[in-house]
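Engineer: Sequence:
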Amino acid sequence: MTAPIFRFAPSPNGELHLGHALSAMLNDDLAKMAGGRLLLRIEDIDTTRCTPQFEAGIYENLRWLGFVWEEPVRRQSAHFGAYREVLAELVRQELVYPAFMSRGEIRAFAEAREGDGTGWPRDPDGAPLYPGLDKTLGSQERQRRIDEGRAFAWRLDMAAALARIGRKLSWQEYQDDGLAEVATVEADAAAWGDVILARREIPTSYHLSVVTDDALQGVTHVVRGRDLYHATAVQRLLQELLGLPAPLYRHHRLILGEDGRKLSKSMKSTGLTALRTAGATPQEIRRLVGL
0 MTAPIFRFAP
10 SPNGELHLGH
20 ALSAMLNDDL
30 AKMAGGRLLL
40 RIEDIDTTRC
50 TPQFEAGIYE
60 NLRWLGFVWE
70 EPVRRQSAHF
80 GAYREVLAEL
90 VRQELVYPAF
100 MSRGEIRAFA
110 EAREGDGTGW
120 PRDPDGAPLY
130 PGLDKTLGSQ
140 ERQRRIDEGR
150 AFAWRLDMAA
160 ALARIGRKLS
170 WQEYQDDGLA
180 EVATVEADAA
190 AWGDVILARR
200 EIPTSYHLSV
210 VTDDALQGVT
220 HVVRGRDLYH
230 ATAVQRLLQE
240 LLGLPAPLYR
250 HHRLILGEDG
260 RKLSKSMKST
270 GLTALRTAGA
280 TPQEIRRLVG
290 L
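Numbering (numbering that gives the first Met the number 0), first residue to last: 0 to 290.
Zero decoy hints are in this set.
Distance windows between CB atoms, simulated:
(1) Leu215 - Arg112: 37 to 43 angstroms
(2) Thr47 - Pro120: 25 to 31 angstroms
(3) Ala279 - Asp115: 51 to 57 angstroms
(4) Gly34 - Arg91: 37 to 43 angstroms
(5) Leu253 - Ser101: 27 to 33 angstroms
(6) Gly34 - His78: 27 to 33 angstroms
(7) Gly114 - His78: 42 to 48 angstroms
(8) Thr280 - Gly118: 50 to 56 angstroms
(9) Arg143 - Gly289: 54 to 60 angstroms
(10) Leu215 - Ser138: 27 to 33 angstroms
(11) Gly177 - Gly118: 41 to 47 angstroms
(12) Thr280 - Pro120: 46 to 52 angstroms
Only pairs whose alpha carbons sit at most 20 angstroms apart, straight line, appear in this in silico SDA-like list of lysine to any residue:
(13) Lys261 - Arg223
(14) Lys261 - His250
(15) Lys261 - Ser10
(16) Lys31 - Asp176
(17) Lys134 - Phe151
(18) Lys134 - Ala190
Just so you know, the hints here were simulated from the structure itself, not pulled from any lab data.
C-beta atoms are modelled at their ideal positions from N, C-alpha and C, and glycine is treated no differently.
Please model the entire structure based on the sequences and the hints provided.
Structural biologist: Structure below.
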């Protein structure tokens, strides 16, 4: 039997904090419990916010925590070609389309509908769903706008994608502190509407790159924060459309700040570098995150 493969996949767009420590340590603990392997992946598709300095800090703090990973580390920014190929397959299947409305235009559209009492749906993160107006554009008009240099995003045609699958989707979610009890969770991808899968300047999105990487790296267990629970529905849909295997999932509790919100990389008091500099030990970090 092939050993289970876990992964910890931070983005180098800020310093690691206690929430990252919980996720890294939990992945490490569960990989050891299952006799599996543990990978480190650097999710740096946002090349404007991710920096080599933050990436170096990730390695430094993880080593201090006692985190051991396999080499080489997969850095997403080095694999844009792989994501372009996956996106091209979805274009070939006519499941994505170029969408030209900006965030501000989408927000204004939704606010106008809400203002007149019509109402407008929002995704699980609270953002208004894309109206899908660009789906009616002809191929020549789409190409004309692209040739003019108009900014656009490649959006998944959710209705077409769900019709292509033709059945309800679900994922397997661990329910306990270990790897024993598993429940089936229905994947409601439609709640996200026509999600962005890539942009003109970046040939991928979080959803597209993560399902591609998990498949290429043979990841069998995805252990990550509860804030990504609903995003799993979109990723399950992409896995089915692309013929990729579905990992087992566990979405762990979040570490909250004093204001009751999840930790942010801007909250210096919870940053691992600051805590380490103040004299904290890896054992104290385990206690602080409740492990």
